[in-house]
Amino acid sequence: MPVEVAEQVAGVVESNPLMSISPLQYQAPQFDQIKNEHFKPALVAGMAEQLQEVDAIANNPEPATFDNTLVALEKTGALLNRASLVFYNLAGSSSNETIRAIQGELAPKMAAHRDDIYLNKALFKRVDALYQQRESLGLDAESLRLLEVYHRDFVMAGAQLNDAQQQQIRDLNEQEATLTNNFRQMLMAQRDETAVVVDSVDELAGLSEGQIAMLKAAADEKGLDGKYLIYITNTTRQPILTNMDNRALRDRVWQASVNRGIAGENATYPLVQQLTALRAEKAKLLGFDTWADYRLAPAMAKTPQAVRDMFSSMVPKVAANVEREAEAIQQMIVAKGETFKLQPWDWAYYANQVRAERFALDESEVKAYFEFKSVLEQGVFFTMNKLFGVTFKPRPDLPVYHEDVLAYEVFDADGSSLAIFYGDYFAREGKRGGAWMSAFVKQSGLLEAKPVIVNVMNIDKAAAGQPTLVSYDHATTMFHELGHGLHGMFSDVKYPSLSGTSVSRDFVEFPSTYQEDWAANPEVLANYARHYKTGEPMPKALLDKVLASRSFNQGYDTMEYMAAALLDMEWHSLAVDSKVEDVAAFEADALAKNGVKLDYVLPRYRSGYFSHAFPGGYSASYYAYMWSEILAADAFAYTQRSGGLNRASGDKFRKHVLSVGNSIDPMETYKAFRGEAPKTAALLERRGLL
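1 is the number of the first residue of the sequence shown in the UniProt record's numbering; add one for each residue after it.
Treat each hint with caution, since some may be false.
[Stated by the list, open to error] Derived pair list, reagent style DSSO-like, types lysine-lysine, alpha-carbon separation capped at 27 Å:
hint	residue 1	residue 2
1	Lys579	Lys367
2	Lys284	Lys579
3	Lys367	Lys386
4	Lys461	Lys35
5	Lys367	Lys540
6	Lys367	Lys216
7	Lys216	Lys227
8	Lys367	Lys533
Hints listed in this document are in silico derivations from the structure and should not be mistaken for laboratory results.
Just so it is clear, the structure is predicted and the values come from calculations on it, not from any experiment.
The whole structure should be built from the sequences, with the hints applied where relevant.
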């Protein structure tokens, strides 16, 4: 360990819980002992330790073998992996100024650390030697897959470039790490910057008592006595607009949403320009025409054109649905005695009224049957037990990183302990928007590691003493995220690099989206959709309306997603010599070019707050949600025809999809379960667009 590193970590090893393996079950983090000051020393020491391990492998005088090179690489970085998994998970779910400062300082260093491994010429020489003789090594299928994945990753990192080119790659990676970290921090800062302050409760007509109480509590927390505070969610569309009677306030909330990142201290438009230019330059260095070509080469889609073909085949049908929906909404506006033309901030409000009239649905009446705990335990957990035989036992003895986080031990059908699961479902300051799954410990047979998994969401928690009632959308998202969770928990592979959700972006959303549709299964709904006061099941007439309404507004939902996915693809299809002077103009042209520019349906994410495409890991890959949905819809339809909600269906899905991680090519994984390649018809049917 270098002297300067040793000095930084001296005296903290014994007192720093991240420096050694956690004594808790399955190495679950010691959240009750971990403090902010522990992160940097552990991460710095972890990087130094891994580089020592890597150098020993690269400079091994013995000829390269699978064991002394690939297996040895899989065993490196234990400290760094342990510390970084805790740190970056908390950076997303429980951030603060100290954590953000560490992120900013270490982002370029972490990028350089990865380059020090993947641009190590001696190390690549050993990996390449094994790859060239891979057919004669007598490797089992998973070991061969590991070798192929490692070789691909080295090549795509720039291992075959000359010294000057590799230095350019290093510089670009460092810049990208800094820019994405800045983007991420600005998005968090925008939460306070864009919050809408409401002076009078009269302006909040249409909202429920519970919603108003939450807005008042948010204002009180900021010292805004007598006022109400509306925080902007991460997407363009703001759920609160659905029931907001005050049109002027709807406009204010909408403008606060769509104008994020344009100007001010936390303007992200310049970062969009810099990141896309930087990625285009890096792609060219690595031998690709565009960043999209580079990103899709190892994915299921393979090429940007395949993605464009998928969307272009759907745009006319989706646009026609949007026009029909807009016409119905405009008619509702007129029926209410108004004369204005439909605007984006009107859509959710009047669409809700059309929906209520068409299906006689009252959203507040529906939400009364979706109490959070019931959805989680009697809905999500119940379904996973029916499909896979697993049970979730509360573990209040395990420390958590926030009082709202729930801890469980997961038991398999045979009663054996399988994993630790944390559920972090409620919105709070310091948590980034959206919903996601991650791991504190990844499964590995080689390392004898059991999975420790977390699901994170941003459900608005009810005021003290009141039940938290969730929307049906949030209910399905809870199923979705545990689908990711099971992908991590059911992983049964040897090598950590191939375990769990370590699959291509356009496959990773397949297992989770597949689980979403169980939320609407009649048997499942009957078990969890119960009135929060009486415990009575949702009346059949109301249940039928909820199920029938699933396809409502799907033109809008699909179009806003497609617009965002195509916008992402256009940004990352820029050639290296392209220069974008005006972000808003580029955005408008990109949408028009693809036939998805509609005045009242904006992209789910505009460029300035497109967290997936710019600071996140979905650059040129946001299309993956729909690509995965094609797989999920086709697979779910197949399951309904061949058994439905039972162990046989679940066990087959677990065996062929959830347990194999990236040890098998994704398309072969799908075919092993389904028996053939996916078809798109089920997707259109799922969305009610046929």
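Worksheet item: Of the hints given before, which are not true for this structure?
Response: Per hint list: single violation, 1.
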